[in-house]
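One line per chain: the protein sequences are A and B, in this order.
Take the first sequence: its letters are residues 11 to 449, numbered as in our numbering.
Take the second sequence: its letters are residues -19 to 454, numbered as in our numbering.
Please keep in mind that the hints were generated in silico from the structure rather than gathered at the bench.
All of these numbers come straight from a predicted model, not from anything done at the bench.
The beta carbon of each residue, even a glycine, is placed where N, CA and C say it ideally should be.
Heads up, a few of these hints could be off.
To be verified - Away from chain A, derived, C-beta distances all over 12 Å, residues of chain B:
1. 32
2. 83
3. 327
4. 409
To be verified - Keeping only pairs whose Cα atoms sit at most 27 Å apart, straight-line, the calculated DSSO-like set for lysine-lysine is:
5. B/350 with A/64
6. A/179 with B/350
7. A/179 with B/239
8. B/261 with B/158
9. B/239 with A/64
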Amino acid sequence: MKETIHVPNIGDFEAVDVIEVLVSVGDEIALDTPLLTLESDKAALEVPSTLAGKVVEVLVKVGDQVGEGHAICVVDVAAETASAAPTPDAPAAAPAAAAPTPPPSAPVAAPMPPTPPTLTTGVPVSAPAKPLTRDEAPAGTTAHASPAVRQFARELGVEVALVPPSGPKGRILKEDVQAYVKKRMAQPEAAAGSLGLPAAPSVDFAKFGEVVSRPLSRIRLKSAANLHRNWLLATMVTQFDEADITELEAFRKVQDNLAKQQGRRVSILPFVVKAVAHALRLFPDFNSSLDETGQAQIFKQYINIGVAVDTPNGLVVPVVRGADAKGVLEIADELALLSARAREGKSLLDDFQGGTFTISSLGGIGGTAFTPIVNVPEVAILGVSRAVTKPVFAGDAFVPRLMLPLSLTYDHRVIDGALGARFAAHLSKTLGDMRQLIL
Amino acid sequence: MSTQTTLDTQLVVIGAGPGGYTAAFRAADLGLNTMLVERYPSLGGVCLNVGCIPSKALLHATGIADEVSALGELGIWEPSARPQINLDGLRTWKDGVVKRLGGGIQQLAKQRKVTVLTGAARFVSRNELEIVGETTQRLRFKHAVVAAGSSAATIPNLPDDPRIIDSTGALALTDVPKRMLVIGGGIIGLEMATVYHALGSAITVVEMLDSLVPGCDADLVRPLQQRLRKTYEGIYLSTRVREVRPTPEGLEVFFEGDKAPASAVYDKVLVAVGRRPNGHKLNLAAAGVAVNEAGYVPVDRFQRTNIDHIYAVGDITSQPMLAHKAAAEGRVAAEVIAGQRSALDALVIPSVAYTTPEIAWVGLSETAAKSKDMDIRVGKFPFVASGRALTMGNTDGFTKIVIDNATQRIVGAGIVGSHAGELIAELALAIELGADAEDVALTIHPHPSLSESVALAAAVLEGTITDLYLPRRK
Chain A
11 MKETIHVPNI
21 GDFEAVDVIE
31 VLVSVGDEIA
41 LDTPLLTLES
51 DKAALEVPST
61 LAGKVVEVLV
71 KVGDQVGEGH
81 AICVVDVAAE
91 TASAAPTPDA
101 PAAAPAAAAP
111 TPPPSAPVAA
121 PMPPTPPTLT
131 TGVPVSAPAK
141 PLTRDEAPAG
151 TTAHASPAVR
161 QFARELGVEV
171 ALVPPSGPKG
181 RILKEDVQAY
191 VKKRMAQPEA
201 AAGSLGLPAA
211 PSVDFAKFGE
221 VVSRPLSRIR
231 LKSAANLHRN
241 WLLATMVTQF
251 DEADITELEA
261 FRKVQDNLAK
271 QQGRRVSILP
281 FVVKAVAHAL
291 RLFPDFNSSL
301 DETGQAQIFK
311 QYINIGVAVD
321 TPNGLVVPVV
331 RGADAKGVLE
341 IADELALLSA
351 RAREGKSLLD
361 DFQGGTFTIS
371 SLGGIGGTAF
381 TPIVNVPEVA
391 ILGVSRAVTK
401 PVFAGDAFVP
411 RLMLPLSLTY
421 DHRVIDGALG
431 ARFAAHLSKT
441 LGDMRQLIL
Chain B
-19 MSTQTTLDTQ
-9 LVVIGAGPGG
1 YTAAFRAADL
11 GLNTMLVERY
21 PSLGGVCLNV
31 GCIPSKALLH
41 ATGIADEVSA
51 LGELGIWEPS
61 ARPQINLDGL
71 RTWKDGVVKR
81 LGGGIQQLAK
91 QRKVTVLTGA
101 ARFVSRNELE
111 IVGETTQRLR
121 FKHAVVAAGS
131 SAATIPNLPD
141 DPRIIDSTGA
151 LALTDVPKRM
161 LVIGGGIIGL
171 EMATVYHALG
181 SAITVVEMLD
191 SLVPGCDADL
201 VRPLQQRLRK
211 TYEGIYLSTR
221 VREVRPTPEG
231 LEVFFEGDKA
241 PASAVYDKVL
251 VAVGRRPNGH
261 KLNLAAAGVA
271 VNEAGYVPVD
281 RFQRTNIDHI
291 YAVGDITSQP
301 MLAHKAAAEG
311 RVAAEVIAGQ
321 RSALDALVIP
331 SVAYTTPEIA
341 WVGLSETAAK
351 SKDMDIRVGK
361 FPFVASGRAL
371 TMGNTDGFTK
381 IVIDNATQRI
391 VGAGIVGSHA
401 GELIAELALA
411 IELGADAEDV
421 ALTIHPHPSL
431 SESVALAAAV
441 LEGTITDLYL
451 PRRK
């Protein structure tokens, strides 16, 4: 029996170029054997056979323009099936070009085109090997919801197991599904998870030389995730300034020498903490947070300053609580204790919680300035670099002064540029003359 | 071939059983142009024509005769008062029931403008069927639902003899054999055994596995088994039929197995060893639809086969081969084709054996739960403590509920006794709704009723039962 195979519905194309004819007279073809390659301005696609048998006539050639219904070839299907067609005993081998797609989040609405042509990139997927009895089949859900609620959730595309229940005994109600959808809809788009960021290119580094792969430490993984989140969430601006700490340094040295006799040290950092705590009282915006809706600013009536500490495992940020009420020596002692605990990996969870502002000091290492990343939901962070003696023009001559570089990053959603500059200037002034603090 | 007509349709449904007609009618109601192909002139499939419906008609009528006898033995009337069954009358009435229901389906198809084509369907391509009936027609379709069901399975090496019948032959009710052997102790075999026993046949049941109604908890089967042991000629478990030798006097049957009896001669042999899916009978390969070795057409929970626009429902897709499962799947297939976000996510499918006593179960069996090492508890309420069962003169049976100890939710149930098939529906609903034993125990049930046994089994689990005296109380 001879049958003609026609071009199926290929979308809204009237005349598509035939760029390849894949069968010739005498070929044995099976169901889904590619017959033609067509190329439109959008895509190249293969037209699969809808019949099995022997090709007796080919009715198209390369360069022809075809559309739906155009005859492709004549097939003798009498000699057909058994040999050429997929046998029922080997379902896995069936060339199931149009494989089942994932659950119909968008079920194909009737009418659909018969035998959709497969894109040349289409991956054939084999059929499930055995029938599932219903007991084995993945049950729709194990969530505590009635069939009607499960159906309702499915219509809205909601995974019912994720819906927080409000009914008795943890039952998920229809209202819960509605509330869940509303909540998800109200979430700001940026917070909705994936931002569609492009993936980093995958490079085979070993191609260019020897490589070693090491898993990241737990602290590193955690801080990487947090830093990336902060980078994406806050709208950051960095303000640079310098503080003249010539006199402060002289005073510090005296204190440090005294302290040494008691087995303690006093660095410049506790003074910076003290000065910042004081500035935060005058500039409460820097001691605030945005609430999670982004609609309100929360002013914290306590001043807890986190100080970034370098440990063998990575960066941690212990917190000095109530820093505004503590003296410099008290702060120095506390910092020493917190840092020691962090370096020995013996920190208490409490050590890291409740910060309202962060200071990151790289002064011991070097550098002239850097742009620290705000520790969201805090709204500002102060970077401190190495103090250097610089010539400063003092009225009629250059004089050598010890200058401490300050890098203040703030969240521009909450803090204006002028305010940022004022805070930095105030800090600079305070560090320049710590007597300000007792006024 | 050139003169054959070619028809076009949006949707073709192959098979007019409960799965097929449900799919066709639901699709038509959702606005799809639908055709229904059936190889037999009457609609309704196995269930309606040679399955559930005629068997239940026979079981009902013969069951009344049995009940009359039972009450006679209690001295309410003379034991001889048992109704004399008129075989022709019984057959005519049963056929009438079948015909009426079949006509009803025909009518429903007409009202929905679903075209019914009579003939055997065979796929010729991914979008075309050949239908061989009085004429041969071609049918081009956009979507197809394969609801072609299953056929009675058989055992190897059986001779060709009219005295060897399957369930269809048994339902035809041509005569009442004096001695009948039923091969297969599953639901179908035991239901037909019940009918023929009531009609006066001496029944022997032979089952390959070690229990009757395989797959059902042993305690649910026990009351049935005890009763059949008393009233049937023989029940042989773990026994196979090696050979059936036709003789003029009857069919001589040879058994094998550790407890196999000596050969015996029967007037009729009913083969009821299960059903096989019809997946290999439709040339599905021409459409690229995967069929596995056993003949099942695998589907996902949207009832889709491996070919996107071809769906399958009912016996042909999977176990259990039950009409109510097929109908649920038919509805899902139609809705998915119509673009709705439908899916089969029922948690449980109830099963019923319409034997005397009746057995019904749903969800996780006690046996299955134990084999999975689940932490469960079981509550049982015996019919002997039910006022309603006593007033019905039948206290054989009990209701049991299985709960998950972690959540207290009902995960399974089983009932043996009168009307078990009606009572089980409440527990299917309880499981779908995620009810726990407390919910059922606190629901007021009518008194006196057999349905009370459901609430009382739940009360046993809760430790609040007053109709029994049990050590564990709350």
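Structure-based check of each hint:
{"no.": "1", "hint": "32", "result": "holds (18 Å)"}
{"no.": "2", "hint": "83", "result": "holds (30 Å)"}
{"no.": "3", "hint": "327", "result": "violated (6 Å)"}
{"no.": "4", "hint": "409", "result": "violated (9 Å)"}
{"no.": "5", "hint": "B/350 with A/64", "result": "violated (57 Å)"}
{"no.": "6", "hint": "A/179 with B/350", "result": "holds (26 Å)"}
{"no.": "7", "hint": "A/179 with B/239", "result": "violated (52 Å)"}
{"no.": "8", "hint": "B/261 with B/158", "result": "violated (37 Å)"}
{"no.": "9", "hint": "B/239 with A/64", "result": "violated (58 Å)"}
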